[in-house]
Amino acid sequence: DTEVTQTPKHLVMGMTNKKSLKCEQHMGHRAMYWYKQKAKKPPELMFVYSYEKLSINESVPSRFSPECPNSSLLNLHLHALQPEDSALYLCASSQEGIRTDTQYFGPGTRLTVL
Amino acid sequence: RKEVEQDPGPFNVPEGATVAFNCTYSNSASQSFFWYRQDCRKEPKLLMSVYSSGNEDGRFTAQLNRASQYISLLIRDSKLSDSATYLCVVNPSNYGGSQGNLIFGKGTKLSVKP
Chain A
1 DTEVTQTPKH LVMGMTNKKS LKCEQHMGHR AMYWYKQKAK KPPELMFVYS
51 YEKLSINESV PSRFSPECPN SSLLNLHLHA LQPEDSALYL CASSQEGIRT
101 DTQYFGPGTR LTVL
Chain B
1 RKEVEQDPGP FNVPEGATVA FNCTYSNSAS QSFFWYRQDC RKEPKLLMSV
51 YSSGNEDGRF TAQLNRASQY ISLLIRDSKL SDSATYLCVV NPSNYGGSQG
101 NLIFGKGTKL SVKP
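Here the protein sequences come in this chain order: A and B. Position 83 (the first sequence) corresponds to 83 in the working numbering; numbering is contiguous. Position 83 (the second sequence) corresponds to 83 in the working numbering; numbering is contiguous.
For the chain A half of the interface with chain B, some residues (derived, Cβ under 10 Å), not all of them:
1) Q6
2) Y33
3) K41
4) P42
The calculated label-pair distances, taken between Cβ atoms and stated as ranges, are:
5) B:A20 x A:R63: 40 to 50 Å
6) B:R66 x A:E84: 35 to 45 Å
7) B:E3 x A:T112: 24 to 34 Å
8) A:A39 x B:N12: 13 to 23 Å
No wet-lab data here; the hints were simulated from the structure. Each residue gets a CB set at the ideal place from its N, CA and C atoms; glycine is no exception.
Make the full structure from the sequences, and use the hints.
Printed below as a string of structure tokens:
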């Protein structure tokens, strides 16, 4: 089973709202990732968690706040977003987070900021 | 030079055609290489990892040339269901420690017509 699940599938929020995106995997993977993908562009890495510790933050604005409550769950808390933050947010996981790992992606949350 | 470069296409081919995608990468210390496919409004799905010895999976063959920093994907006897965007993906990590940072090419769009 190589399934990564994400909720919600779609999210519309105003610029003053606070919302959270959720990601879950039960493959025993110890690395989890958040990516942002705009239309007709490749995914861009935002954050990497390795063994529940934040190991990469690709200079993401503080209005995006990741959280890894346990090895199976990854959240992305959103606050005071801008319309340009509208995108597909993809979660991925891999076994160890090492260079040769294969990453498996969830279906994504399509976010619209009004 | 961009980190991972691909011909954006689109490649419009008839069913049964053979089609080849090429990709170059800039970091000579890159460790691992993948082809993902992404259908419209869906998440990237791993198609195959790419090894120096070359690897084949059914109608799909991937090759890596480290000296030229070049990766290829060949699809034989293309099917309508092969229509998608094909993403060349490289893990460029060249330092010790465990990091799973993937760099995506912009993708090559393939459209297989009846």
